[in-house]
Each structure stands twice: as C-alpha cells, then as structure tokens.
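Asks: Given only the sequences and the hints, what does the whole structure look like? Please build it.
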Amino acid sequence: MAAANHSPSSPYSCAKDSGPVIPTTSLVTFLERVQETAFQTYERSKFDHKDFIDLSLKFDLSTTVKAFDEISKTENGSVSTKDFEEFIGKWFKSAGEDLVYVEPMDFETEPYGFLPKVENPEVRAWALEVHGLWKKLSREVSSSVHDHPELHTLLPLPVPGMIPGSRFREVYYWDSYWVIRGLLASKMHETAKAIVTNLISLLDTYGYVLNGARAYYTNRSSQPPLLSAMVYEIYNRTGDVDLVKKALPALLKEYQFWNSEIHTMIIHDAENCNHSLNRYYAMWNKPRPEASAIDKRFASKFLNVNEKQKFYRELASTAESGWDFSTRWMRNPSEFTSLSTTTILPVDLNAFMLRMELDIAFFAKIVGDDAIAEDFLTASHTRKKAFNSVFWNENMGQWVDYWLNYGAEPKEPQTWEAQNQNQNVFASNFVPLWIDLFNSDTPLVEKVTRSLQSSGLLCAAGIATSLTNSGHQCRDFPNGWAPIQHMIVEGLWRSASTEARKVARDIAERWIRANHVAYKKTGTMHEKYNVEKCGEYGAGGIYRPQFLTAARN
1 MAAANHSPSS
11 PYSCAKDSGP
21 VIPTTSLVTF
31 LERVQETAFQ
41 TYERSKFDHK
51 DFIDLSLKFD
61 LSTTVKAFDE
71 ISKTENGSVS
81 TKDFEEFIGK
91 WFKSAGEDLV
101 YVEPMDFETE
111 PYGFLPKVEN
121 PEVRAWALEV
131 HGLWKKLSRE
141 VSSSVHDHPE
151 LHTLLPLPVP
161 GMIPGSRFRE
171 VYYWDSYWVI
181 RGLLASKMHE
191 TAKAIVTNLI
201 SLLDTYGYVL
211 NGARAYYTNR
221 SSQPPLLSAM
231 VYEIYNRTGD
241 VDLVKKALPA
251 LLKEYQFWNS
261 EIHTMIIHDA
271 ENCNHSLNRY
281 YAMWNKPRPE
291 ASAIDKRFAS
301 KFLNVNEKQK
311 FYRELASTAE
321 SGWDFSTRWM
331 RNPSEFTSLS
341 TTTILPVDLN
351 AFMLRMELDI
361 AFFAKIVGDD
371 AIAEDFLTAS
381 HTRKKAFNSV
391 FWNENMGQWV
401 DYWLNYGAEP
411 KEPQTWEAQN
421 QNQNVFASNF
431 VPLWIDLFNS
441 DTPLVEKVTR
451 SLQSSGLLCA
461 AGIATSLTNS
471 GHQCRDFPNG
481 WAPIQHMIVE
491 GLWRSASTEA
501 RKVARDIAER
511 WIRANHVAYK
521 KTGTMHEKYN
531 VEKCGEYGAG
541 GIYRPQFLTA
551 ARN
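Going by full-length UniProt numbering, the sequence shown opens with residue 1, and the numbers climb by one from there.
One or more hints might be untrue.
Mimicking DSS-like on lysine-lysine, the simulated pairs with C-alpha atoms at most 25 Å apart in a straight line are [stated by the list, open to error]:
1. Lys246 <-> Lys187
2. Lys117 <-> Lys502
3. Lys447 <-> Lys384
4. Lys50 <-> Lys447
5. Lys58 <-> Lys90
6. Lys411 <-> Lys384
7. Lys93 <-> Lys82
8. Lys521 <-> Lys502
9. Lys82 <-> Lys246
10. Lys82 <-> Lys66
11. Lys136 <-> Lys520
12. Lys82 <-> Lys50
13. Lys385 <-> Lys365
14. Lys253 <-> Lys365
15. Lys117 <-> Lys520
16. Lys73 <-> Lys93
17. Lys50 <-> Lys187
18. Lys136 <-> Lys187
19. Lys253 <-> Lys411
20. Lys93 <-> Lys136
21. Lys73 <-> Lys50
22. Lys66 <-> Lys90
For each label pair, taking beta carbons as the anchor points, the in silico distance ranges come out as [unchecked claim]:
23. Lys447 <-> Phe47: 32 to 38 Å
24. Asn272 <-> Tyr112: 55 to 61 Å
25. Pro443 <-> Ser276: 25 to 31 Å
26. Ile22 <-> Ser62: 21 to 27 Å
27. Asn393 <-> Leu303: 46 to 52 Å
Everything labelled a hint here was simulated from the structure, so no lab data went into it. Every residue, glycine too, gets a C-beta built ideally from N, C-alpha and C.
Replies: Written out as structure tokens, the structure is:
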C-alpha cells in the first residue's frame with residue numbers, strides 16, 4: 001500500500017482496546033450459541049450463519065434455552081443433524097417468518113410518465129419487469145414483532161417498506177437511498193416517504209440510524225449517512241414541506257451522532273489550521289452476531305484477547321462503511337486480518353457529511369430557521385477547505401483516504417503528512433464529484449475526469465471498485481457495484497463540462513448494457529458485476545453474491 005505501509009503490520013498488539021462497547025440482548029447471545037452449533041453440525045458449504053441469528057422464538061427465551069441445553073452434544077459442540085433440525089423446527093419460527101407481505105400502496109404496473117426517455121422496446125420491457133420487483137420486496141413487520149419484541153431479532157417498524165431481498169430480510173440504512181431513487185422513478189412517492197419514516201423511527205429510538213433493523217445492530221454501528229439525501233430527493237420530487245419539518249430534528253440528531261468523539265479526529269494542516277473530520281468506529285469489539293462463526297475463525301490467528309477485540313472492532317467498523325470488505329481498509333492487502341478501518345479518514349464518508357451539512361442548511365431555510373441554515377452552510381465551507389487540505393492529491397487529480405497514526409486520540413490533533421495519504425486508486429476517490437460544491441467547479445471536474453480516465457478503473461462494463469484483485473473481497477477488482485457507478489456518473493453529469501458529461505454517458509451505457517445482458521442470460525438482477533466482461537456477475541466476499549429474479553411477463 002503506497003502510503004500506508006510506513007506503519008507496523010500488526011496494529012492490534014500496540015495498545016489495549018479502550019473504545020466503547022454496548023452489550024447486546026440476551027436473545028442475540030443465545031442465538032449465537034445456536035449458530036455456533038449449526039456451524040459445527042452442518043457442512044460449511046451448506047451453512048449460512050445469518051439464517052440462525054434471524055430465527056424467532058415460538059416460546060419464551062428461558063424455556064427455549066433450557067431445551068437447547070438438554071440436547072445431546074458431542075465434545076466439539078455438534079449435535080446430530082436429525083436432533084438439531086428437530087429442535088429448530090419445534091422451538092423456532094424460520095428466518096423471515098416475522099415479515100408479512102403487503103401490497104405496495106402506490107404500485108402501478110406501468111405508471112404514467114415512467115422513464116419517458118427510454119424508447120428502445122426491449123430495454124423498456126426489461127425496465128418494467130424490474131419495476132415489478134417492488135411487489136416482491138414489499139413487507140411489513142408482523143404483529144408478533146410489535147406484541148412480543150423479546151421473541152425476535154427483527155425490530156418493530158411503524159409502516160411497511162422495502163427489503164433488499166434474498167438473505168437480507170430487514171431494512172438496511174444506506175441501501176435505502178437507492179431504493180428511494182428507484183421508487184421515485186417508479187412514481188411510488190408514498191412508499192419512498194414510508195422508508196424515511198422507518199429510518200427516522202430507528203434514529204429517534206436508538207440515537208442513530210442503525211446499520212439494519214435487527215436487534216444485533218442496536219448496540220453497534222450505523223452506515224454511511226445518506227438520510228438527508230433521501231429526504232432531499234423526495235422533497236425535490238414532491239415538494240413535501242411536512243416531510244422536511246419531520247426530518248430536520250432527526251437529521252440534527254444524526255449529525256450530532258456522527259460528530260461524537262469516537263467518530264471524529266482532528267488534523268492540523270500545513271497552513272496551521274485544524275480540521276475535524278469523520279471516521280467509522282463501531283461500538284463493539286466482539287464477533288458480529290450475524291457472522292459470529294466466520295469472525296471467530298479469522299480471529300483465531302491472534303494469540304491474546306486484546307488483539308481479538310481490536311480485530312472484531314475493525315470488522316464491525318468496516319461493516320459500518322458499507323464497503324465490507326475491501327483491501328481499501330487493509331494495512332496488508334493480502335491479509336484480511338490487517339483491517340484498520342478505524343485508523344482511516346475515508347474520503348467518501350466525509351463527502352456524505354458534507355452533503356448532510358448542505359442538505360440541513362437547505363432544509364432549515366425551507367422551514368424558516370435561518371440560524372441553523374447559516375451554521376450548517378458555514379460548516380460545509382469549513383469541510384470543503386478540509387477536503388482541499390487533507391484529502392486532495394494534486395499529482396493524482398483525486399481525493400484520497402487519509403491514514404491516521406497508530407494510538408491517536410480523538411481530542412489530540414495530528415499533523416498532516418503527505419505519506420499518510422493512501423495513493424492507491426479506489427472508486428471512492430471520485431465520490432466527492434457527487435457533491436455540488438465540487439461538480440460545479442468545471443476546471444476541477446475536468447482534471448478529475450482525466451484522472452478517472454487514466455486510473456485503470458474504467459472497464460468494459462463499468463467502474464471497478466479498486467485495482468486490486470484480492471480474489472476474495474466483494475469490493476475489489478474486477479467487481480463493479482451500482483452505488484459507485486451512480487454517484488460518479490451523476491456527479492459528472494451534473495457538471496458543466498462537455499467532456500465529463502460524455503464520460504458519464506459512456507459509463508452509464510456500459511453499466512446498463514452489462515446489467516441487461518446478464519439479465520437476459522440469468523433472468524436476475526445481481527448485487528455486483530464483473531466489469532471486465534459484459535454480462536457476467538461478480539463474485540468474492542464473506543457471503544454468497546445476492547440476486548433478485550423478476551417475474552417475466
């Protein structure tokens with residue numbers, strides 16, 4: 001790693017893990033035991049750790065625990081497949097049973113004004129089939145979750161919404177931004193608002209928007225903060241001032257969460273200025289419940305408890321980033337256990353914070369709170385200066401992640417050093433283009449566009465997430481990922497640069513063509529695609545690649 005290898009390769013032994021840890025629930029703790037038994041009982045290839053942590057109880061916890069303890073087990077903790085499956089069937093409802101299908105309130109088979117610029121009949125038919133997926137993904141939480149929350153890891157939410165599908169049977173935070181963009185394209189404005197309502201409910205209950213709507217996220221971490229962007233897109237399409245009024249207090253609370261001590265670090269730049277910038281930092285230093293067995297397997301290489309705890313915190317913090325997992329977060333790109341996400345100031349996270357500041361200023365102006373509007377406009381300009389001082393690399397023509405020194409304390413300013421800039425190329429280096437303060441600067445956009453064109457990231461079927469083919473990480477080459485394509489394309493397209501807009505169109509066409517070709521071959525939409533080969537879906541990562549099958553007419 002060009003700018004990060006100056007640090008020791010084994011960070012976890014440097015100091016005790018002294019960060020905050022919030023306990024999980026008794027139900028989650030018990031389900032981890034069930035998951036571990038399943039891990040010992042089944043063949044690894046047939047085992048999905050999440051299936052067992054998402055189970056709900058048929059009876060109260062203490063009775064179920066007693067029955068579990070009475071199962072005959074071998075010395076290594078496994079039980080016979082027959083005994084285990086009988087136990088699961090008797091004492092649990094299956095994962096996903098606590099969600100109920102609900103007809104979307106505003107779904108139409110072919111809504112008026114749907115994608116008016118899409119004229120090709122074959123592509124339009126495909127778009128309508130994908131549009132039909134909303135009917136497959138619409139869910140509400142069952143009455144049992146509301147009446148007996150202690151029996152479920154699924155959290156009660158006030159209104160129906162959309163789930164990602166496949167093994168992800170709950171609402172996730174930042175995925176919801178692109179869900180909302182799709183719903184708005186499908187003219188499903190009320191469903192889009194309902195998603196925001198659910199996320200605000202989580203924020204009001206827990207103090208931040210959870211990674212996902214499960215009990216095992218309530219004590220741990222958030223995800224990239226895009227709630228303000230969701231509200232902005234809905235307001236921009238509907239003019240709903242009431243939504244803005246409801247969202248603004250919640251957004252101020254979220255901003256406070258992300259600027260808490262654990263999430264902020266101060267960088268002292270070459271011009272004698274201090275910049276407060278954000279990082280990912282999970283409030284958890286144990287295995288992630290939804291992947292407990294896998295996390296323990298990776299952590300087994302560490303010899304002491306402190307090293308394991310620090311590694312577990314890095315795992316959870318990487319999950320908070322949404323880029324789980326990528327060599328972007330590793331001190332040693334060939335070693336997964338070198339994750340060091342908490343020692344990085346990510347350029348895209350800080351771009352999202354800048355977007356939040358601009359959105360809050362805009363919303364405050366709408367509701368007539370000029371003082372808040374002025375405060376957040378000032379904050380956005382201050383952060384823009386930090387981008388120029390800390391993240392911008394003139395030689396590369398990109399914004400890059402900044403690595404912190406080991407043992408740094410949040411309250412102690414660190415002096416900016418050029419060698420701490422990670423000069424490896426990742427698609428995240430171009431995400432600031434999505435922010436209007438940057439894409440409105442035409443000379444800057446043209447410089448960054450040239451850098452993107454020569455970066456090696458542009459491939460036959462879209463933008464690769466990185467240049468490193470780690471062979472096992474889903475956010476690495478040759479995988480391409482829809483959110484990255486969207487943010488970079490939209491940023492280029494919003495600019496006044498003819499060349500940037502031409503590149504944006506070219507990337508969009510490559511990506512859509514790849515999706516369409518893959519769909520014609522498989523009948524499914526995929527989570528990620530191989531950008532080297534048009535029409536091939538991606539691979540790698542901790543869990544199986546996810547996909548959705550549309551109902552063909």
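Asks: Compare the structure with each hint and give your call.
Replies: Against the structure, the hints:
no., hint, in the structure
1, Lys246 <-> Lys187, "holds, 22 Å"
2, Lys117 <-> Lys502, "holds, 17 Å"
3, Lys447 <-> Lys384, "holds, 17 Å"
4, Lys50 <-> Lys447, "violated, 44 Å"
5, Lys58 <-> Lys90, "holds, 8 Å"
6, Lys411 <-> Lys384, "holds, 21 Å"
7, Lys93 <-> Lys82, "holds, 17 Å"
8, Lys521 <-> Lys502, "violated, 29 Å"
9, Lys82 <-> Lys246, "violated, 52 Å"
10, Lys82 <-> Lys66, "holds, 19 Å"
11, Lys136 <-> Lys520, "holds, 19 Å"
12, Lys82 <-> Lys50, "holds, 20 Å"
13, Lys385 <-> Lys365, "holds, 23 Å"
14, Lys253 <-> Lys365, "holds, 18 Å"
15, Lys117 <-> Lys520, "holds, 21 Å"
16, Lys73 <-> Lys93, "holds, 22 Å"
17, Lys50 <-> Lys187, "violated, 33 Å"
18, Lys136 <-> Lys187, "holds, 17 Å"
19, Lys253 <-> Lys411, "holds, 21 Å"
20, Lys93 <-> Lys136, "holds, 21 Å"
21, Lys73 <-> Lys50, "holds, 22 Å"
22, Lys66 <-> Lys90, "holds, 13 Å"
23, Lys447 <-> Phe47: 32 to 38 Å, "violated, 49 Å"
24, Asn272 <-> Tyr112: 55 to 61 Å, "holds, 58 Å"
25, Pro443 <-> Ser276: 25 to 31 Å, "holds, 28 Å"
26, Ile22 <-> Ser62: 21 to 27 Å, "holds, 23 Å"
27, Asn393 <-> Leu303: 46 to 52 Å, "violated, 38 Å"
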